[in-house]
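Engineer: Spelled out, the chains give:
Protein chains: 2
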Amino acid sequence: MTVHKKFEEVTVKTESIYKGRIISLQVDTVTLPNGETATREIVKHPGAVAVIPLIGDKMIVVEQYRKPLEKSQVEIPAGKLDAGEEPLKAALRELEEETGYRSDNVKLVSSFYTSPGFADEIIHLYIAEDLVKGNANPDEDEFLECEAITLEEAQQYMRDGRISDAKTIMAVYAWQLYKLTGQI
Amino acid sequence: MTVHKKFEEVTVKTESIYKGRIISLQVDTVTLPNGETATREIVKHPGAVAVIPLIGDKMIVVEQYRKPLEKSQVEIPAGKLDAGEEPLKAALRELEEETGYRSDNVKLVSSFYTSPGFADEIIHLYIAEDLVKGNANPDEDEFLECEAITLEEAQQYMRDGRISDAKTIMAVYAWQLYKLTGQI
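Protein chains in written order, with full-length UniProt numbering: chain A, 1 to 184; chain B, 1 to 184.
Treat the hints as calculated values from the structure; they're not laboratory data. Honestly, I wouldn't trust all of these hints.
Reference listing, derived: stretches of chain A covered by chain B, where coverage requires no fewer than 3 residues with Cβ under 8 Å from a Cβ of chain B [claimed, not checked]:
| hint | segment |
| --- | --- |
| 1 | 11-22 |
| 2 | 32-38 |
| 3 | 160-167 |
Below are the DSSO-like pairs computed for lysine-lysine, each with C-alpha atoms no more than 27 Å apart in a straight line [unchecked claim]:
| hint | chain 1 | residue 1 | chain 2 | residue 2 |
| --- | --- | --- | --- | --- |
| 4 | B | K58 | A | K80 |
| 5 | B | K58 | A | K179 |
| 6 | A | K19 | A | K71 |
Some residues of chain A that are not near chain B, with every Cβ distance over 10 Å (derived) [stated by the list, open to error]:
| hint | residue |
| --- | --- |
| 7 | I55 |
| 8 | D57 |
| 9 | P68 |
| 10 | D82 |
| 11 | E86 |
| 12 | G100 |
| 13 | Q156 |
| 14 | L177 |
All C-beta atoms in this analysis are idealised placements derived from N, C-alpha and C, irrespective of residue type, glycine included.
I would like the entire structure built from these sequences, with the hints used as guidance.
Structural biologist: Set out below in structure tokens:
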């Protein structure tokens, strides 16, 4: 895949501000295409996976509390990549940990950056079909509740604001397109 | 709109780590539903708008360098909310600044959180039709190039990785659904 560098901003200096448990923050000083200098605040993230788990005409979602939003949200199963972990393996791990289901029929939908203006977080989004029962096993500090919803219920959740994060809205659109066109 | 608080995490302490030009970072100590304590790394962001600008059978996109990714990306026009700015007004401002087009036919597609695990950033996504020529006027440190692309070209850009951010992939899906169903 060609990496495009149009209007490249060249790093003059990198200042590390914070290294946390999950994210870190740095401020880069850059040279702009016109020769001027600017600063860029950059959050580094290990990357994540998310899964659209389809069972019959329903999708499995999980409700959990999202501290940055100060409310609970209904989302597709997702989680961070462990160090060196292959995304597909992480997706299958998170699917089973959070929902108790396994699948041998998993396809990549897309890999996307959530906030390219200030963060390098990438999410690898998969679709999983032909689910079979495994063992749910959420992380220790993870409290969540699973539910299987129809497309119409998902769209209602979007109108109600119970589904309102990028990856889950993208999942609902992809699911609707899959139903309409037969294509991922 | 009801705010759901299932599995609420109650703040015990907030430590401010950094206040920047665009984002700030804080670490909250919280009490979990089981009584245990955990920390949450939280990026605060002013919020943003993005626009799907349709002209005939094409969508207008902008290419710009994304420092966190160290590459340029093709995205729909977007930008941060100014302090106190109403999202629809911001969307019309960014549309004209970045593409040179105005519109009186603008509808909200959805408002979504980009990274609810570590950031409060919200993007208000609009669709704009019946575009008329105004005046392009990018910000001083903003270097970008506009292009009008068909749905098929957008899908090819996604396969090539030139389009790979959440809001633009969501825009392409929403546009495809709009063409298929006539509904936003």
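Engineer: Each of the hints needs a verdict: does it hold here or not?
Structural biologist: Status of the hints after comparison with the structure:
1. 11-22: holds (count 5)
2. 32-38: holds (count 5)
3. 160-167: Answer holds; 7 residues pass the 8 Å Cβ test.
4. B:K58 to A:K80: 36 Å, violated
5. B:K58 to A:K179: The given pair, whose Cα atoms are some 24 Å apart, holds under the 27 Å limit.
6. A:K19 to A:K71: Holds, because 26 Å separates the two Cα atoms, which is no more than 27 Å.
7. I55: 22 Å, holds
8. D57: 18 Å, holds
9. P68: 4 Å, violated
10. D82: Answer for D82 (chain A): holds, closest chain B Cβ roughly 15 Å.
11. E86: 19 Å, holds
12. G100: Answer for G100 (chain A): holds, closest chain B Cβ roughly 18 Å.
13. Q156: Holds, since 13 Å exceeds 10 Å.
14. L177: Since the minimum Cβ distance to chain B is about 6 Å, L177 (chain A) lies within 10 Å and the statement is violated.
Of the numbered hints given earlier, the model fails hints 4, 9, 14; all others are met.
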